[in-house]
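Chain A is already provided as a structure; the job is to place chain B on it using the hints.
Heads up: the sequence lines are chains A and B, in that order. Mind the numbering: the first sequence is residues 235 to 714 in the numbering used here, read in order. Mind the numbering: the second sequence is residues 235 to 714 in the numbering used here, read in order.
Note that the list lumps identical chains together, so a pair holds whenever it fits in one copy or between two copies.
Calculated pairs, DSS-like style, for lysine-lysine (alpha carbon to alpha carbon, straight line, at most 30 Å):
id, residue 1, residue 2
1, Lys361, Lys385
2, Lys444, Lys274
3, Lys385, Lys319
4, Lys274, Lys478
5, Lys263, Lys319
6, Lys299, Lys524
7, Lys263, Lys554
8, Lys554, Lys299
Everything labelled a hint here was simulated from the structure, so no lab data went into it.
2 protein chains.
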Amino acid sequence: MAEKEAKKMVEAITSMEEDFAQWYTDVVKKAELIDYTSVKGCMVIKPAGYAIWELIQRQLDDRFKATGVENVYLPMFIPESLLEKEKDHVEGFAPEVAWVTHGGLQPLTERLCVRPTSETLFCDFYKNDVHSYRDLHKVYNQWCSVVRWEKETRPFLRSREFLWQEGHTAHATAEEASERTIQMLNVYADFCEQVLAIPVIKGQKTEKEKFAGALATYTIEALMHDGKALQSGTSHNFGDGFAKAFGIQFTDKDNTLKYVHQTSWGMTTRLIGAIIMVHGDNEGLVLPPKVAPIQVCVIPIQQKKEGVLDKAYELRDRLKGNFRVKVDDTDKTPGYKFAEAEMRGYPIRVEIGPKDIEAGRCVICRRDTREKIEVPLDALEETVGALLETIQKEMLERARTHRDAHTYVAHNMEEFRRIFGEKSGFVKAMWCGEQDCEDKIKEELSVTSRCMPFEQEEIEQTCVCCGKPAKKMVYWGRAY
Amino acid sequence: MAEKEAKKMVEAITSMEEDFAQWYTDVVKKAELIDYTSVKGCMVIKPAGYAIWELIQRQLDDRFKATGVENVYLPMFIPESLLEKEKDHVEGFAPEVAWVTHGGLQPLTERLCVRPTSETLFCDFYKNDVHSYRDLHKVYNQWCSVVRWEKETRPFLRSREFLWQEGHTAHATAEEASERTIQMLNVYADFCEQVLAIPVIKGQKTEKEKFAGALATYTIEALMHDGKALQSGTSHNFGDGFAKAFGIQFTDKDNTLKYVHQTSWGMTTRLIGAIIMVHGDNEGLVLPPKVAPIQVCVIPIQQKKEGVLDKAYELRDRLKGNFRVKVDDTDKTPGYKFAEAEMRGYPIRVEIGPKDIEAGRCVICRRDTREKIEVPLDALEETVGALLETIQKEMLERARTHRDAHTYVAHNMEEFRRIFGEKSGFVKAMWCGEQDCEDKIKEELSVTSRCMPFEQEEIEQTCVCCGKPAKKMVYWGRAY
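So here's chain A without its partners, still in its complex pose (with noise of 0.2 Å):
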């Protein structure tokens, strides 16, 4: 019985061998994070989701308030005429906004776009709010959702409204702001690495794909089990753009008025889409400890028998005080229990049994590698510390194996090609720094440029696609 219903729970997924698109659905919705809506594009994110996205939240907003961040909240609507007041800005986000045109039972008098981003928000704010270098700098952050009217969308990856948080700092020099670009972007790619146990690539976008708007958009990019990337985080350095388009002055200490020089990042839920797609396997989701809503299961084997259910709940207390756990006391069989621990990512197992009473000890099962060991009762606590602490060890030693296991380098096109062609990952290789050049490869590779490292290596003198100077190594990849 037990091992028929787990398995008819565990078949409802697809392999991600077979459909690794239908086994990302599948564990988004067995795995009871999303669901969707009558509204197109949108999603409800359920309990299990939006648990995840608290502790992204908590652990990466006190990352950012040890840097001075505070945070705010400003508007969700922005007037049409401030939308359009830096050029580049709104030929990026018109053709994608959503625009209100009533209010009540009247029209607008000027109609109002549902935020894509509030770059022009927090300018038309910080006009009034900087006068003088005393009042330099803002560092403000704020959580919120936005919204963008895409045509295709996937749970957690592309949706029409998603929850992100977006940092807006003015400073008073250019040297600050760069600065500011590149320490976001540190705190991004460590909070990934360490929190989520995904390696990153941090280097700066080309022209091409910079944010609208920017000087120099920089970015994270993470590479997914099925080889495609997904950029996990991007900063932007906006110079005086910004303050330009829209008359940001301040008074300096020497009594000139000066422009301010901004900055803007930004990080969203497709995290939670590339923990599920970095971290998951067959039997679904791999939750990194430090992400993970519930750390510890406690799941009774013959649950009836006296002293079971107390001793599971016993374990529980015991375990409370220092990590997030529960007991599924349900009528479930333990073998259902085990397949839906297992489908929810849960990242230890703990079985008590009669048997295991009576032996003094219990049996601890990791997720992420499915590995069982046996544990004297009174070294609980002690072990699951332990190997919760190994577990988010090994499963960033673990992605970053892959990674680089799936990162190529391409010394001229037909090498190119062959590896798209048969491969999928990060491909390394030289460009010369002109757009015909990667217009070129993104037509004909069907990839894009993800990033030109900070971290570069010389693997040719001359550009992959003409031949000419290289200037940059670029990674390559197909991207979500």
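Below, chain B alone, put in the same frame as chain A:
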């Protein structure tokens, strides 16, 4: 110099006795809680304001979770056809919603409103998510912003977009829904008293004042310093009305199909307005310690003298493990810093100068009473800890005393008219339960029924208005 500057800052606030509304606006601006924007009726919540909201969120969310609430996120858009499914509900909200009519460059086939509240979305979600009694109860909540196209707006109290939490639950029985409605009202009341130091009256709204689509609406009502009432949180019991309109059915244990019973409950950023208007004074904001982003502000006196700043930092470092503390080490004068610390409502100010250091003491000043005491440096942590508790407690007591002193009893219409002619506050009066009398009182006295309190008293046996037998004692007031 110090005196003059400090005076300038304080003079910029209108006194509350002179013009309470202007005093409120001055405090909101001068304490840097809020800024106006180019988006009519929408505000920027600045760092000092948002940090209060974060403390409210964290503590309220903890209380929710202790009762089994799980957080989720639903879309911000509601298709018009969905909003229209429950007749009373759409009538209540349609006149004040914002409509999205275009997505990207295309007109939408069906217009979407920006959520004014999410009952309809939760119903649409539960309809697909609830099948069996095993799927119940659902006790979900979301933190988000909502939009209501108000004509008159005031910072925190009424704006076109505001932040809130909205809980939405579904239960197998009417009893369970009814219990949850009251349970959450009690959570709200306890939170207001224990965290915000604001005493509230718990009660039920009349038919006239209840929420659009609800069976019963419960409320907590607080009294502001000017004697006006503020509805500070509401909890609604929907019975199975929405379930019938949306077809939310489940198979019960007895194998029959039944409709679920639902509730919703919400609190908003207007709580920040309540804090200002209950506790503030003519020097500015006064924050209860539990929601004060800065609880202790250390102000160095003659900070250029050797050792003073170092000592200030040392005191901060000693306090920062247990309290939210900062040193004001700007180049402003001490007098200016005092005035600013008062304006911003920091519960405790610690003054430390060369003479204090020599004497091994510091001066501690309470924001709420402005009382000063000298404290030996080695008793600092202990004194601050005890004082913050005392302040929290006494602020509630003072607010309760003020509320009680401004709560009157009207035995007949003449008395009723006279009280509201001369005074401002709550008036308790008996009511027959007929809307005719409620309308008449509202029109004649420009007051609304605030609630039928749970703690009923029999002031008279007859209705204050018509003289027929009374059914309920009602609190009346002028409300924000």
